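Take these sequences, add in the hints, and give me the full structure.
Using the numbering used here, the first residue of the sequence shown is number 135, and each one after it goes up by one.
Hints in this document: simulated from the structure, not taken from any laboratory.
Since this is a predicted model, take the numbers as computed values, not measurements.
We treat Cβ as the ideally placed atom computed from N, Cα and C, and that holds for glycine.
There is no bait here: all hints are sound.
Calculated pairs, DSBU-like style, for lysine-lysine (alpha carbon to alpha carbon, straight line, at most 35 Å):
{"no.": "1", "residue 1": "558", "residue 2": "372"}
{"no.": "2", "residue 1": "384", "residue 2": "558"}
{"no.": "3", "residue 1": "225", "residue 2": "305"}
Restraint ranges, calculated between C-beta atoms of paired labels, are given here:
{"no.": "4", "residue 1": "491", "residue 2": "370", "range": "20 to 28 Å"}
{"no.": "5", "residue 1": "370", "residue 2": "347", "range": "38 to 46 Å"}
{"no.": "6", "residue 1": "315", "residue 2": "441", "range": "27 to 35 Å"}
{"no.": "7", "residue 1": "384", "residue 2": "305", "range": "21 to 29 Å"}
{"no.": "8", "residue 1": "423", "residue 2": "275", "range": "34 to 42 Å"}
{"no.": "9", "residue 1": "221", "residue 2": "306", "range": "12 to 20 Å"}
{"no.": "10", "residue 1": "269", "residue 2": "315", "range": "24 to 32 Å"}
{"no.": "11", "residue 1": "492", "residue 2": "370", "range": "18 to 26 Å"}
{"no.": "12", "residue 1": "225", "residue 2": "178", "range": "37 to 45 Å"}
{"no.": "13", "residue 1": "363", "residue 2": "221", "range": "35 to 43 Å"}
{"no.": "14", "residue 1": "351", "residue 2": "407", "range": "44 to 52 Å"}
{"no.": "15", "residue 1": "187", "residue 2": "423", "range": "54 to 62 Å"}
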Amino acid sequence: MKTILLLLVIGLLTINRNPTQIDQRAGSWKTWVIPSGEAYRLPPPPNATATLSEEKELLTAQRQRDSAAIQRINYWNAGAPGYRWQTAIEKLNNGFPPAWIRGKALMNIAIYDATVAAWQTKYTYHRPRPSTRNKALIPYLTNLDSPSYPCEHAVAAGAASAILGYLFPAKADSIRQVAEQACRSRVLAGVVYPSDSKAGFELGQRVAQAVIALAKTDGADAVWDGKRPTGTGLWNDKRPPIDPMMGACKPWVLAAGNQFRPGPPPEPVADMKELKQFKKTPRSIYRAVYWANNDFWGGEIDRKLFEHNLHLDAPQAARAYALVSIAANDGYIACWDAKYTYWSIRPDQYDTTYVPPLMGTPPHPSYPSGHATISSARATVLGYLFPEDAQYFLDKAKEAAESRFEGGVHFRIDNVVGLDMGHKVGEEVIKRARQDGADGSSQIVRK
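Below, the structure written as structure tokens:
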């Protein structure tokens, strides 16, 4: 019993790091799209007279803090400023995952760059939180240990809503309304002035427009000419292939999609034999179905941010979301470059007597595995962000890869090569991360 209690205490000491130590220098961190946080520094916050007027607005909002308002406050306060927007993009997409991999990277880069700019402004003007000036103001939430202007939640809402409006133009108005609710929730909570929220939203929107301008030149809108190679051993699905031009899309950290292009796949005679001889088990069935239908990695980054109290550290949380999203994006591009270089045949096409036991074959070439590549890229970056769990993440990437063999839609070589390529992509993301100035401020010791 004493041993168990000791382990619990050690675990709590490891996990519950001081949540208030947010790096004041985050405004100088290296950005991805905008020149710097300083380049997007906001003008000064409202003067003392205007602030007194805003305090009256907050007192009115405080009296209006009914159960519906509290529900909205709690909803948007759960997690980091970008937390709710991670699931929003997945719900909006409602389709095959590759379609939102690029979008998620764009959104999280916009949130990160805008957050860096926000921190540059926060520690230029040091505007106090409202309740520290007026004791009649009683915030519903605990004030975070950072200046009030601009509001980081509004920054994330502005950046995310602009990117999502670009990706889903038919829903842009609805998305903006949701973002305005997110901004309003911080005012209702009494933790920011209305001008903090307004300035944050506008800053997020401005940064997002810079990201959108770059996105329009990344090649993602290239049109496939419809030509398929023909011959023995090539992918011959009659369905339209998914994203055949994505391998030519401009990545964030790779020089090009072909930077880690593997050699051609071998003749899959032995792999086909192994696949046909594989015996299903309850465990293999579960893994195949689970990995085909769940965003494990999105849940893992949320969990780790909560465990380390980094959901209270807006710059570090935004950075983590951005790095993992970039790993997925560049892994996706690298994998799709190889897929549509070799147009490798799927198991059920190579041997037409073979029927995948658990799922339909995806409509794109087999080699290398997308699950293996993208999972490995994410796992590598997550291992850098949370080194005490690095082996766990790598093991889960291997499980994700193996699930595609167990489901009967990939040869083993697809997974082996995909895992290796994804790891290389992840290492490139880490190289860039080590240059952004954030490592020294983290409470997590990284090697």
